[in-house]
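**Student:** The task is simple: from the sequences and hints, build the whole structure.
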Amino acid sequence: MLKISGLSAALVAAAVAMSSGSAAAKDIVLGASVQLTGPVANTGRYYRDAYQLAVDKINEAGGVKVGNETYKLALKLYDNQSDVNLSVRQYTQLVSRDKVNFLLGPFASNFALADSAVSEKYQIPMVQGGGASDQIFARKFKYIFGTLAPASHYFGSTVEMMKGLDPAPKSVALLYADDAFDVSVAEGTRPKLKEAGFTLAMDERYSTNATDFNSLLSQVKSKNVDAVLVAGHETEILNFVRQAKSLAVAPKMYSFTVGVPSEDFRKALGKDADYAFGMTAWLPSADLKDQWFGDAAQFAAAFKAKFNYDPDYHAASGAADVEAVVKAVENAGTIDPVKVRDALSKVDFDSLYGRIAFNANGQIDLPQTVIQIQDGKLVAIQGVHGKIAAPKYPMPAWDAR
Amino acid sequence: MDLLGQVLINGTLLGGLYAMMALGLALVWGVLNIVNLAHGAFIMLGAYVSLYLFTYLHIDPFLGLPITAAVMFAVGYCVQRGLLNLIVRAPMFNTLLITFGLEVVLTYLAQLAFSADFRTINPTYAGDSIVLGPVVLPLARLLAFGVAIALTVGMWLFLLHTKLGRAIRATAQNLVAARLYGVEPRHLYAVTFGIGIALAGAAGGLYGTVSQINPYIGAALTAKSFAISIIGGLDNPLGVIVGGLFLGILESLTALYIGPTYADVASFGVLVLVLIVRPTGLLGKAA
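Order-wise, the sequence lines are chains E and V.
The numbering of the first sequence is the numbering used here, which starts it at 874 and goes up by one.
The numbering of the second sequence is the numbering used here, which starts it at 11 and goes up by one.
Simulated from the structure, these hints should not be mistaken for laboratory data.
Don't be surprised by glycine CBs; every beta carbon is placed ideally from N, CA and C.
Treat the hints with caution; some may be incorrect.
Listed next, with one range per pair, are the computed distances between beta-carbon atoms [as the list claims (entries may be wrong)]:
hint	chain 1	residue 1	chain 2	residue 2	range
1	E	D1076	V	N184	42 to 52 Å
2	E	D929	V	R99	47 to 57 Å
3	E	K1250	V	S125	21 to 31 Å
4	E	A1230	V	L106	34 to 44 Å
5	V	A123	E	M1075	39 to 49 Å
6	V	S125	E	A1159	26 to 36 Å
7	V	V275	E	D1076	17 to 27 Å
8	V	N184	E	S969	26 to 36 Å
9	V	I97	E	A947	39 to 49 Å
10	E	G935	V	I97	39 to 49 Å
11	E	D1272	V	A123	33 to 43 Å
12	V	V141	E	G1167	36 to 46 Å
13	E	D1051	V	G143	31 to 41 Å
14	V	S125	E	D1051	22 to 32 Å
Only part of the chain V face toward chain E is listed, based on derived beta-carbon distances under 10 Å [stated by the list, open to error]:
hint	residue
15	Q16
16	Y118
17	N224
**Tutor:** Below, the structure is given as structure tokens:
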């Protein structure tokens, strides 16, 4: 009797395990560790919100078809508190304890650089739209895919635009922070500037999180530099612009890798943000058709309605990451991570963010559109197909605005 | 030469702000023997108080400094009375732990309350400057410098010449004797800490007019204030001015001649040197 009851108990247990197992199998769980607190939380929230919005939208539309079965998407998100080491631990936890199916990325290149080692080790694909440094993809890892354009290309369209400016800028200052992303930007920009015939009057690296740019700005002024290109972080750019104003440093133009597209930047600087050039690989244009959101404009509207702030390219790339995983799973017809990885390397579809097709290193290449803040509004100046609007150039002196 | 002149001015003005930031830390450390690791978080809170006064009540950030200081004094007084008095005679390690914890709590509460958005206190004149021949004096930095020097000298006079100031110094020197003369230490500790935090709050208001603020600026400001206090010495507030100016100029010159990435290396290198060669600070009494 005892034996039988033991056996039946085991059977019941097995049945329970199976039913809960099959219920869980109906979910495809995407795991990510994102900066929800800490110094980078301001940008991290784009990823959290974009992931959530994309997951909800895809679930509303019926979920993910894998062979004859339909799965729902679920999101498992941790807050890495803007700490790279914690982020690596959380990704390890996501794959080893939480057993998520696929990984989405954190924000920022130094995070993606470290975290991609986890996806590679455990052979779980990670699609990330937060790290652009060429370093991430130079290691020939097989399980990391990126939806930001290579950092080395960031200033490419800006340099193109600079060639056509009148009066043409002659001397250029290239300033950049000492982290994986910004060093890659500088390395890619240097030869482009030389090829275009500009004089590199300053080529300076500064510490990440620097707050004082007075020495650099004084040099910009004393060397009479025409154009200043800065690859840094939003906090640095804000201080840079404020200090440029207070020291009355007004080159003919300045351009920044980050900050300019975000609403927060324009709010914090007010009128002082005018004339700043920047770049974005994405604008909420209705021309970017999308299977789930309709188009990029509808995505932007849905995002703003739900989270009460405007999405920028970080958010668009984040949403596209979720879509890329879904496309790959549907194409593979399985949730086996190795097969989905192979499918990811072959995906080619139009998303709200642009065409998603990864090169051999796992990165996509989207051209950057040059943007400028004109009278408090973001204006697209030059895209892939050439000029869109006239730049306000040269920048007037601060007291003449 | 013009460039050097401009960089020296930049460094001096930066140094004045540094001195202001460090003043409260040095006072609390010198008198209460508390190394307040939450000091930068209080600077951050002061910046937000100033920001809100400016944004919602349209109070100019410089004119609003007394209000900011008063609010922060109250915060500081309560923190000392309710929390730090409990460990005032405990080993240094306990005070480090509790103020570190306080820093974390204040930072994350600030993110909850104010979000992680970057903000600036941006009155219309914030970017104005005075041009003196080849060099430019940024107005907000100049004002901040003036206020910083005035408050630091005022602090010095206050400690030397007022009854409360004497009581504070007496308590720092000999608690038992001070008690015999009728000093109530718990209240006095709270007043001292309150003054330190009021100074931190005022420094935050000044900082917000020249730099961006967000809930996470505190830790770096604590580190900087710590270095300035050590370099200048804790004996008198004038040492803090010397330490602040020294560091501001050193960082600016390093950025110009060696490279901006080395500015922090230089300042913390000097900190280590001072600790080895003259642990009582540049102006401190020789040990």
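**Student:** Go through the hint on N224 of chain V and say holds or violated, using the shortest Cβ distance to chain E against 10 Å.
**Tutor:** Status holds, d = 7 Å.
**Student:** Holds or violated: Q16 of chain V as interface residue toward chain E, Cβ cutoff 10 Å?
**Tutor:** holds, 4 Å
**Student:** If I claimed the Cβ atoms of I97 of chain V and A947 of chain E lie 39 to 49 Å apart, would that claim hold in this structure?
**Tutor:** The hint (39 to 49 Å, Cβ to Cβ) holds, given that I97 of chain V and A947 of chain E are roughly 46 Å apart.
**Student:** Given a hint of 33 to 43 Å, does the C-beta separation of D1272 of chain E and A123 of chain V actually sit inside it?
**Tutor:** holds, 36 Å
**Student:** Under the criterion of a CB-CB separation shorter than 10 Å, is Y118 of chain V in contact with chain E as hinted?
**Tutor:** Constraint on Y118 of chain V satisfied, holds at 6 Å.
**Student:** Taking the CB of A1230 of chain E and the CB of L106 of chain V, does the distance hold inside 34 to 44 Å?
**Tutor:** Cβ of A1230 of chain E to Cβ of L106 of chain V: about 54 Å, so the range 34 to 44 Å is violated.
**Student:** For the range 26 to 36 Å, tell me whether the beta carbons of S125 of chain V and A1159 of chain E fit it or not.
**Tutor:** Given range 26 to 36 Å: holds, Cβ gap about 30 Å.
**Student:** Do the Cβ positions of D1076 of chain E and N184 of chain V conform to the proposed distance bound of 42 to 52 Å?
**Tutor:** violated, 58 Å
**Student:** Is 21 to 31 Å respected by the C-beta to C-beta distance linking K1250 of chain E and S125 of chain V?
**Tutor:** holds, 23 Å
**Student:** Please test the hint of 26 to 36 Å on the beta carbon pair from N184 of chain V and S969 of chain E.
**Tutor:** violated, 59 Å
**Student:** So the hint says 17 to 27 Å: do the beta-carbon atoms of V275 of chain V and D1076 of chain E match that?
**Tutor:** holds, 19 Å
**Student:** Does the Cβ pair V141 of chain V, G1167 of chain E satisfy 36 to 46 Å?
**Tutor:** violated, 54 Å
Hint violations for this structure: numbers 1, 4, 8, 10 and 12, all remaining hints satisfied.
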